[in-house]
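So the protein lines, in turn, are chains A and B. The opening residue of the first sequence carries number 1 in the numbering used here; numbering runs sequentially from there. The opening residue of the second sequence carries number 1 in the numbering used here; numbering runs sequentially from there.
Be careful, since some hints might not be right.
As the list claims (entries may be wrong) - Here are the simulated BS3-like cross-link-like pairs (lysine-lysine), alpha carbons at most 27 Å apart as the crow flies:
| id | chain 1 | residue 1 | chain 2 | residue 2 |
| --- | --- | --- | --- | --- |
| 1 | B | K431 | B | K163 |
| 2 | A | K13 | B | K428 |
| 3 | A | K38 | B | K202 |
| 4 | B | K295 | A | K13 |
| 5 | A | K163 | B | K202 |
These are computed hints drawn from the structure, not numbers from a lab. Please read all numbers here as calculations on a predicted model, not as lab measurements.
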Amino acid sequence: MNEPSNLPDGPDKPALKERGPELAVAALLMLLAALVIKDSLRIGIDWADDGPRAGYFPFYIGLLLLASSTTVFLSTVLRWRANQNIFAEREQLGTVFAMLIPMVLYVIAMVWLGIYLPSALLVGYFMRRYGKFGWTPTLSVSIAVPVAFFIVFERWFLVPLPKGPIEKILGF
Amino acid sequence: MDEINNLMHGFSVAMTLPNLVYMLVGITLGILIGVLPGLGGANGIAILLPLTFSMDPTSAIIMLSCIYWGALFGGAITSILFNIPGEPWSVATTFDGYPMAQQGRAAQALTAAFTSSFVGALFAVALITFLAPVLAKFALNFGPAEYFAVQLLTFCSFVGMSKEPPAKVIASMMLGFALAAVGMDTVTGQLRMTFGFPELLKGFDFLIAVIGLFGIGEILLTMEEGLAFKGKSARLNMRVVLQTWKELPRFWMTFLRSTAVGCWMGITPGGATPASFMSYGIARRMSKEPDSFGKGQIEGVLAPETAAHAAGTSALLPMLTLGIPGSPTAAVLLGGLMIWGLQPGPMLFVEHKDFVWGLIASMYLGNLVGLLVVLTTVPFWAAFLRIPFSVIAPVIVVICAVGAYTVHSSMFDVVMMLVFGVVGYLFKKLKYPMAPMVLALVLGDMAEASFRQSMLLSQGSLSIFWSNPLVGSISGLAMVLLLWPLWSVVKDFGRQRKARQLKART
Numbered sequence: 001m002n003e004p005s006n007l008p009d010g011p012d013k014p015a016l017k018e019r020g021p022e023l024a025v026a027a028l029l030m031l032l033a034a035l036v037i038k039d040s041l042r043i044g045i046d047w048a049d050d051g052p053r054a055g056y057f058p059f060y061i062g063l064l065l066l067a068s069s070t071t072v073f074l075s076t077v078l079r080w081r082a083n084q085n086i087f088a089e090r091e092q093l094g095t096v097f098a099m100l101i102p103m104v105l106y107v108i109a110m111v112w113l114g115i116y117l118p119s120a121l122l123v124g125y126f127m128r129r130y131g132k133f134g135w136t137p138t139l140s141v142s143i144a145v146p147v148a149f150f151i152v153f154e155r156w157f158l159v160p161l162p163k164g165p166i167e168k169i170l171g172f
Numbered sequence: 001m002d003e004i005n006n007l008m009h010g011f012s013v014a015m016t017l018p019n020l021v022y023m024l025v026g027i028t029l030g031i032l033i034g035v036l037p038g039l040g041g042a043n044g045i046a047i048l049l050p051l052t053f054s055m056d057p058t059s060a061i062i063m064l065s066c067i068y069w070g071a072l073f074g075g076a077i078t079s080i081l082f083n084i085p086g087e088p089w090s091v092a093t094t095f096d097g098y099p100m101a102q103q104g105r106a107a108q109a110l111t112a113a114f115t116s117s118f119v120g121a122l123f124a125v126a127l128i129t130f131l132a133p134v135l136a137k138f139a140l141n142f143g144p145a146e147y148f149a150v151q152l153l154t155f156c157s158f159v160g161m162s163k164e165p166p167a168k169v170i171a172s173m174m175l176g177f178a179l180a181a182v183g184m185d186t187v188t189g190q191l192r193m194t195f196g197f198p199e200l201l202k203g204f205d206f207l208i209a210v211i212g213l214f215g216i217g218e219i220l221l222t223m224e225e226g227l228a229f230k231g232k233s234a235r236l237n238m239r240v241v242l243q244t245w246k247e248l249p250r251f252w253m254t255f256l257r258s259t260a261v262g263c264w265m266g267i268t269p270g271g272a273t274p275a276s277f278m279s280y281g282i283a284r285r286m287s288k289e290p291d292s293f294g295k296g297q298i299e300g301v302l303a304p305e306t307a308a309h310a311a312g313t314s315a316l317l318p319m320l321t322l323g324i325p326g327s328p329t330a331a332v333l334l335g336g337l338m339i340w341g342l343q344p345g346p347m348l349f350v351e352h353k354d355f356v357w358g359l360i361a362s363m364y365l366g367n368l369v370g371l372l373v374v375l376t377t378v379p380f381w382a383a384f385l386r387i388p389f390s391v392i393a394p395v396i397v398v399i400c401a402v403g404a405y406t407v408h409s410s411m412f413d414v415v416m417m418l419v420f421g422v423v424g425y426l427f428k429k430l431k432y433p434m435a436p437m438v439l440a441l442v443l444g445d446m447a448e449a450s451f452r453q454s455m456l457l458s459q460g461s462l463s464i465f466w467s468n469p470l471v472g473s474i475s476g477l478a479m480v481l482l483l484w485p486l487w488s489v490v491k492d493f494g495r496q497r498k499a500r501q502l503k504a505r506t
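For reference, chain A alone in the conformation it holds in the complex:
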């Protein structure tokens, strides 16, 4: 597959450079490594009477994580000017967020409303907004999907899925 994001594009297309996210991810990993090391030190990294203590192994994991992420961090800083690779175009990021934001809302809604209603809303939203479907196909698909899940999971395999107030009213 060709990856357009790696090609140096003309100046007319606004894009996010790779180095910013690269640095942020490396910094985040360094922070996590510090957390791992700190907590390992708390529970003990040396030997007790019965052998190595609980922090013994994670401590070295933390050190290696710190070393490798620092390497990435430093090499990004050192090649800051040279690295003109593009992470993604502004437009591409837009479509990614167009997926990510509804997904976050979907998961938040799941906590309160169970899985069925938010699923129907998610499918419906995408079909209307991006698929430009009419109301009839939108409604039929977005209702059919949760119903299919209900039949397969709750009835067929007897695996309960999260339910909210609406399902309670319907008596499940």
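Knowing the structure of chain A, use the given hints to seat chain B on it.
Only chain B this time, still in chain A's reference frame:
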């Protein structure tokens, strides 16, 4: 021949009617998973795993492994007809497969892809049949030091074989280990890295990580490419299939080479994806007409598909015999084994003969059934991809959410799935490999336990990993692989110096 007897017994286990039905269901689901973007072998199986908790383990693994074969077959369909690799290991198939489809030879390309997948898998299963019992017997004598050395080898070979920068491979691996350590320490019962959050007591389940990293991450990545699928249509009829089959024996050398590459990369955890690229590269280098590659050369379809399937299949060999998976999908199957109450490793061959040999026999049957199903149903699957992405994308998100929830019936897992999804997207974009992270997350506890036991035996001295020829050679090999990237640095340096000297002379 003990193996033949065992295998025959295995066939009698696998050939019962319910198991054959599970096989067919698995293959069909697998092809579907392979065709859809965002659902792959690893996360597809992870999502369906909770449904098998109450099933008989043998039937469950037959169904799940058949999903894997199906996904391997399905990946080729989208690569050839739509130039969209449904799976990472079918990326190399697009190089020549899509040009063939553009030239109107889609049917030949598909036949070649399916047949070579089948051949690759068949060789790998034969290898498992004869090598697995030997390896298992050998591994019965392993102590904790040997186990840790093998695990070390697994992880070092990631560093040595990955295309990604070593620092990123190590970072991703260590993140996996760190996440595996969260929760209660199994030896001392102490809480680690929970920071007072009760949700973290159980630790991170790798199934959630797999669903997030490969499922949600892939969806986000696909969104970047826009929402349009434009594909070629294909109808397979028997005449074209037979005609293509007649051509294939000419390429026996390609088959053999690719199978060897695939099996090697599958057993050492290189995985199917690098195997397919490597095999494609070798086929091109060895070819009499390397320029024809990339323009619809049938060999360019055969080589990666054979290797990918051989690697995918042989990845189960270390999983069954040593309890060390060779790929993320094998890791998920390993997780399944533990959930069904089976301890993977050499004892499996002694205590659960039915299970092991039923599984091995089902690999032969599953791939045969897969070949037949896929050859007869291509137009149907291609039609699936004509469903607009605006319908498929949210449905896949729902499937992932349901899958993540059902693992432990926990909402927190669904939230974590989303977090792992974002991590997966970032890692993919920044070229951090994900397989080492997943494998570290799966093997973390085991690796830690064997390391601590070895340290107990040696009173804290690392020399135990060199204490006898067996463990010494395994650790030695691990070190070689770990330092492999340095060798290319040295070579580059030498080449640069030579170039500079040449320049100075002229």
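Verification of the supplied hints:
1. B/K431 <-> B/K163: At roughly 9 Å apart (the allowed maximum being 27 Å), B/K163 and B/K431 satisfy the hint.
2. A/K13 <-> B/K428: Holds - the C-alpha atoms of B/K428 and A/K13 are around 22 Å apart, at most 27 Å.
3. A/K38 <-> B/K202: Roughly 20 Å between the alpha carbons, so the hint for A/K38 and B/K202 holds.
4. B/K295 <-> A/K13: Violated: B/K295 and A/K13 sit about 31 Å apart, past 27 Å.
5. A/K163 <-> B/K202: 23 Å, holds
In summary, the structure is inconsistent with hint 4 from the numbered list given earlier, while agreeing with all the others.
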